[in-house]
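Each protein sequence line maps, in turn, to chains A and B. At position 267 of the first sequence (counting the first as 1) the number is 267 in the working numbering, and the numbers step up by one without a gap. At position 110 of the second sequence (counting the first as 1) the number is 110 in the working numbering, and the numbers step up by one without a gap.
Hints were generated in silico from the structure; no laboratory data involved. Keep in mind that the hints are not guaranteed to be accurate.
Derived Cβ-Cβ restraints for the label pairs, each shown as a range [unchecked claim]: (1) A:Ser41 with B:Asp299: 38 to 46 Å; (2) B:Asp299 with A:Gln25: 32 to 40 Å; (3) B:Ala49 with A:Leu173: 51 to 59 Å; (4) B:Leu29 with A:Ile38: 54 to 62 Å; (5) A:Leu188 with B:Pro114: 54 to 62 Å; (6) A:Pro250 with B:Asp167: 32 to 40 Å; (7) B:Phe219 with A:Arg132: 45 to 53 Å; (8) B:Ser266 with A:Thr138: 51 to 59 Å; (9) B:Asp46 with A:Gly130: 53 to 61 Å; (10) A:Arg132 with B:Asn3: 34 to 42 Å; (11) A:Gly130 with B:Ala253: 34 to 42 Å; (12) B:Ser106 with A:Gly130: 36 to 44 Å.
All residues carry an ideal CB built from backbone N, CA and C; glycine is no exception.
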Amino acid sequence: MTLAPSTNSVDPLLQDIVGPTPGQQLRRRFFGHRGLMIGASVVAVLLVIALLAPVIAPHDPYAQDLLARMKPPVFLGGTWEHILGTDHLGRDYLSRLIYGARVSLLIGFVAALISGTIGTAMGVAAGYFGGRTDAVVTFLINVRLAMPVVLVALAVVAILGGSLQVVIGVLGLLLWDRFAVVMRASTLQVRGREYVSAAQAVGASTPRILLSEIMPNILNNLIVVITLEMAHAILLEATLSFLGLGVQPPTPSWGLMVSEGKNMMLFEPWLVLIPGAVLFVLVLAINLMGDGLRDVTAPENRS
Amino acid sequence: MLNFILKRLGLAFLVALTVSFISFSLLFLSGDPAIALAGEGATDQDVVAIRELYGFDRPMLVQYASWLVNALSGDFGESYYFKLPVSSLIADRLSVTMLLGLCGISFALLTAVPLGVIAAIRPNSIIDRFALFLSVAGQAMPSFWFGLILIVAFSIKLRWLPPSGTDSWRHFIMPTVVLGYYAMPAIMRLTRAGMLDVLSSDYIRTARAKGASEMRVMFKHALRNAIIPVVSLAAVQMGFMLGGSIVVESIFALHGAGYLAWESISRNDLPTVQALILVFSMFYITFTFLADVLNAWLDPRMRSS
């Protein structure tokens, strides 16, 4: 590999001998994975839509027009003025969907960040120190798993009041279990490797070993869990909002839109079908991305 | 084995105790429960009276201890909203939730295990791909949305099934499907992975070599071993499902414990909420304990860990 000055200008004959660099191999696995590519593209598109919401949205998502209530979408005989129609208060449905992407992605991302920090700290500590620390962390994981998530989240949101911050905080404090389980197992695997022993032997401090020896080597698992838990948090937010104890109206949240459309489901089923379908697609895409990342980065799948 | 059971029992007890403390402390999350209970427009004297009546003026640990002692004897206090003893309220509603949970897990097992087995026997076949699609979709499907779609399709358009209520077995079909679909992906994936693992083992090769029929190899030798982890997963999923029944029960207006939880949460009826969190946790703890014991009984290697 030292013979190749840059990977692009390698002589084809030399390429046969040297083979692709690890970076090239990773890129090949990455772009060759269909599920990962589909999932990542959909997430990227929705992310751009969420970021550019004020530019893309044709109307103000909060603007009510009581004269134009429950207009059907274009494909059901509506007009291009409201492509996906309007809701029971005459608000443009497409604009609310676009702004709803912001709510979902924001909640998913920040909740996963909070729970990821808690869970990773617990899991790495348990895996590295073992003994009593491990026993305590394992016990806490058991306690957390024993509590019904939806019920506890609903109860806490009901007591503290449903705002974006409360929902994010509650989900962040509840969803750390999978991080702790996976990070504990990964740390246990890495702990006994030679480079960790070497760092211990030269007298590196514990924080240094954790941050620069352990963490980089379990990072791939962490990224996979972050994506999957993001999807989990987004689904839970929608569920809480659907049950009326999550994000409060008039905030455009997809779960809330399904809940508001529920009463008119008999005559206008699209009010329920559209926001639910978008939610389904987003969660599906994030899960595909997470599963794909696991396939691509798992060492046992490398040939 | 006895040692293992006692250890697990002790752990389960400690977990239950911790959960009970957490669900009790929910009462104090809102700040002063007496003010919350007195409601808006209450005078200071009202608040003081309520505080003394409910014993909120005692130290928190003392209150917890007395709540726990009462709870152990089945007394969870009186519901703020329904003005009935919480325990009888829950006992009335629990049978619907238990029935729903049993139907749901049966549905999940009856669909997921055959699919997983076929998918493992013929990897990459159409059925394998279909099973994978079902499980990927199942993990992303918002259960409240799935339930509403079923109502639109089978109650509103086709008029085959009733949209809500608990009067007959037909009322339970859609809730069972929605709740069961939630547990299906995990069970199917585990069955498939277990079967694939077992099918490549030496004793399967031996069984084939001695001329056992393919049916006999699959069911007598392979499935019997592959199903062990599935049984304990099903027990754990059952615990999760009872906790998740709150969504399904509120969509289909099934008046079970999940619906009661939703009602009491939206009405700030904290004694009922506390008791329900504890009851649902107990189910989960019991089911995981049973799963652990079953696993250890079937597979002696598990006993050492």
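Results of checking the hints against the structure:
1. Between Ser41 (chain A) and Asp299 (chain B), the C-beta spacing of about 43 Å keeps the proposed range 38 to 46 Å intact.
2. About 38 Å separates the C-beta atoms of Asp299 (chain B) and Gln25 (chain A), a value consistent with the hinted range of 32 to 40 Å.
3. Evaluation of the 51 to 59 Å hint for Ala49 (chain B) and Leu173 (chain A) yields a failure: the beta carbon distance comes to about 35 Å.
4. About 42 Å separates the C-beta atoms of Leu29 (chain B) and Ile38 (chain A), a value inconsistent with the hinted range of 54 to 62 Å.
5. Range check, Leu188 (chain A) to Pro114 (chain B): about 36 Å between beta-carbon atoms, so the 54 to 62 Å window is missed.
6. Distance hint check: the CB atoms of Pro250 (chain A) and Asp167 (chain B) are about 38 Å apart, consistent with the given range 32 to 40 Å.
7. Distance hint for Phe219 (chain B) and Arg132 (chain A): a CB-CB separation of about 46 Å, consistent with the stated range 45 to 53 Å.
8. Checked against the given bound of 51 to 59 Å, the beta carbons of Ser266 (chain B) and Thr138 (chain A), roughly 35 Å apart, lie outside it.
9. Our hint of 53 to 61 Å for Asp46 (chain B) and Gly130 (chain A) holds, since their Cβ atoms are close to 55 Å apart.
10. Between Arg132 (chain A) and Asn3 (chain B) the Cβ separation comes to about 21 Å, which falls outside the hinted range of 34 to 42 Å.
11. Between Gly130 (chain A) and Ala253 (chain B) the beta carbons are some 50 Å apart, a value that contradicts the proposed interval 34 to 42 Å.
12. A hinted range of 36 to 44 Å for the beta carbons of Ser106 (chain B) and Gly130 (chain A) is consistent with their spacing of about 41 Å.
Checked against the numbered hints above, the structure violates hints 3, 4, 5, 8, 10, 11; every other hint is satisfied.
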